[in-house]
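If you read the sequences in order, they're chains A and B. With our numbering, the residue at position 104 of the first sequence is 104, and numbering never jumps. With our numbering, the residue at position 433 of the second sequence is 433, and numbering never jumps.
Honestly, the hints are just simulated from the structure, not real lab data.
A partial selection of chain B residues facing chain A, derived with a Cβ cut-off under 8 Å: (1) Leu51; (2) Met55; (3) Lys170; (4) Leu179; (5) Gly180; (6) Met183; (7) Val221; (8) Phe222; (9) Leu394; (10) Ile400; (11) Leu415; (12) Val423; (13) Lys430; (14) Asp432; (15) Glu449.
What the simulated footprint calls covered on chain B by chain A, stretch by stretch (three residues with Cβ under 8 Å from a Cβ of chain A suffice, anywhere in the stretch; the number is not a length): (16) 185-192; (17) 451-463.
By construction, the Cβ of each residue, glycine as well, lies at the ideal position given by its N, Cα and C atoms.
For reference, the chains in residue letters:
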Amino acid sequence: MASDRIFGAVVTLVALAYVASAMQIQTSFMADPVGPRTFPILIGCVAALCGMIVAVKPDPDPEWPVLATFGSLALAVVVLVGYAYALKPLGFLIPTAITASILSYQIEPRAGRAVLAGVGLSIGLFLIFKFALGLGLVPFPKSLTG
Amino acid sequence: MELFSNLAIGFDIALSPYTLMLAVIGCFIGTIIGALPGLGPSNGVAILIPLTFTMGLDATSALVLMTSVYYGAMYGGRISSILLNIPGDEPALMTTLDGYPMAKAGRAGDALVLSGVASFVGAFLATVGLMLLAPMLAQVAFLFGPAEYFALYLLAFATLGGMASNNQAKAAIASCIGLGIAMIGVDNNSGLPRLTGGNMHLFDGIDFLVAIVGLFAIAEVFFFIESHGKNTSIGVKLEKVTIPVKDIMASGWTMLRSSVVGFIAGVLPGAGASLGSFLAYMSEKSIAGEKGGFGTGVPRGIAAPEAGNNAAAGGALVPMLTLGVPGSGTTAVLLALLMTLNITPGPMLFTERPEVVWGLIASLLIANFVLLLMNVPMVKIFVKVLSVPPWVLLPGVTMISFVGIYSLSGSYFDLLLMVGFGVLGYVLRKLDVPTVPIILGILLGGHMEDALRRAMVLSNGDWTFLFSSGISITLWIIAVVGFVAPMFLRNILKKPQRITD
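My request is simple: use the sequences and hints to build the entire structure.
Put into structure tokens, the structure is as follows:
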């Protein structure tokens with residue numbers, strides 16, 4: 001119940017904010033009868049309405065994971081964001097091995113196998129991408145190879 | 001006959017060694033993707049699109065490769081349903097109802113072969129149906145103006161939201177999220193940026209591939225972290241594989257009937273393969289009656305959903321190719337592929353690029369035979385795939401997703417967006433909000449607004465123009481009925497739940 005009420009309220013608020021920012025869209029002098037504002041405003045209104053319906057008539061709560069699991073999910077997100085930033089400056093091999101190991105460990109917590117999976121995936125995928133598919137990946141940081 | 005000359009063009013392309021090779025590779029990869037629990041046709045095709053794009057294949061080759069993957073995944077989905085009682089994808093859910101009990105009774109091999117043959121019958125008939133129906137529908141599509149297209153897009157959202165979800169309001173929210181995201185970026189008509197918040201990265205809009213891979217593949221990884229891969233049960237051992245001729249003969253009519261039901265369900269925009277297998281199973285169950293013993297592992301209970309599911313997969317290609325409106329989640333992903341390749345689906349595709357359409361249809365026919373060969377004698381190889389543990393599979397999927405998206409634009413911003421979509425997809429699926437309408441919204445949002453604005457230019461701002469032709473009124477009525485009717489039917493047509501042991 002509570003999850004859906006919160007979800008409905010959030011959707012309604014975001015939709016209203018969306019409508020508000022759609023009102024600010026600049027129109028040019030060559031405007032057609034509809035203009036660039038109408039459709040986004042329409043979408044925002046429908047979403048706000050549906051958000052209110054969900055908040056008023058909620059479904060039963062889903063099974064949320066326990067707090068510890070939320071922690072590991074948050075960690076996974078942080079690792080993936082870090083990976084997104086690291087991929088360009090640090091090359092493919094090292095960030096991929098680290099990220100894949102951590103994800104593997106989170107799915108099944110056995111350190112040895114996780115590291116093995118990470119390193120294996122990193123090297124294996126690099127070979128496939130580079131030589132079988134011909135993608136231009138950089139294996140190591142530029143500063144290392146010169 | 002025009003049909004045969006068109007098919008000749010198609011086979012000319014499809015039988016070239018290179019295209020043939022792509023079809024075989026596609027079928028192989030597709031079956032593996034379908035068989036792996038946690039990787040359905042939608043995520044499978046989604047993570048492969050960016051890679052195909054960077055490989056620089058031409059339009060026909062890329063399309064042949066990806067549709068072979070699509071058909072292959074539909075075949076493969078049954079393997080984990082039967083052996084593990086885990087549907088590899090949503091439409092394969094119905095196959096678990098009779099497939100798993102049959103496998104537990106020591107007839108796993110029979111169940112796999114029978115379902116492979118049923119898949120073949122369904123997919124083959126659907127491809128023939130596609131061949132006959134698509135050119136006719138393409139002729140009708142020429143009558144469509146902007147007002148009709150606007151109504152058609154609305155219909156796709158309405159039926160998808162109505163039939164494929166448990167809560168209409170949540171499905172509508174999902175559609176709005178997708179449409180709202182599609183609005184971000186420079187407006188085509190006025191050339192001014194909209195809703196970018198001044199962020200330069202957003203001026204080009206949000207790439208639908210980023211959203212698809214995030215919502216489907218990355219979200220799946222979060223689900224596996226939550227469950228610690230506990231969903232993988234050991235399942236049933238596969239001993240000897242023989243061909244159960246008697247069972248196949250006995251369920252012949254079932255396969256034919258289910259194929260027709262599945263095909264029709266697939267053609268309806270928004271209904272898709274899940275509805276196809278569901279309707280096929282339910283109608284066969286009621287034909288067989290109490291004595292049929294559905295749910296206890298009878299051959300017909302396996303043949304019906306598999307034929308229906310694969311026929312629907314073929315049927316879903318009809319509205320996608322002729323009107324540009326996908327009939328299911330996976331066809332939405334295939335539409336994304338077409339758009340990436342700069343092919344605009346619609347009636348013009350049939351007259352202007354016949355080699356693409358007929359090459360595709362011919363490859364589908366060939367892919368079907370390849371899949372039958374792979375899935376009956378070679379089924380043991382794919383069963384081995386099931387033993388890939390999730391702690392290798394899921395990190396691998398993540399890395400492939402990252403590389404695919406990264407190779408598209410080379411920007412970290414798209415990767416961040418993808419992770420964001422992954423989190424969004426996880427939360428929404430937890431709350432029982434369907435994610436397919438979001439994809440459909442991002443894909444069709446621009447076209448939908450464009451249709452509305454062109455209609456208004458034609459009519460000089462008169463809103464009644466949207467309801468001025470017979471076709472558009474019909475589409476509006478179907479849209480409203482398709483959205484509202486499932487609310488009342490939900491109590492009557494209850495989905496059978498998964499059996500647990």
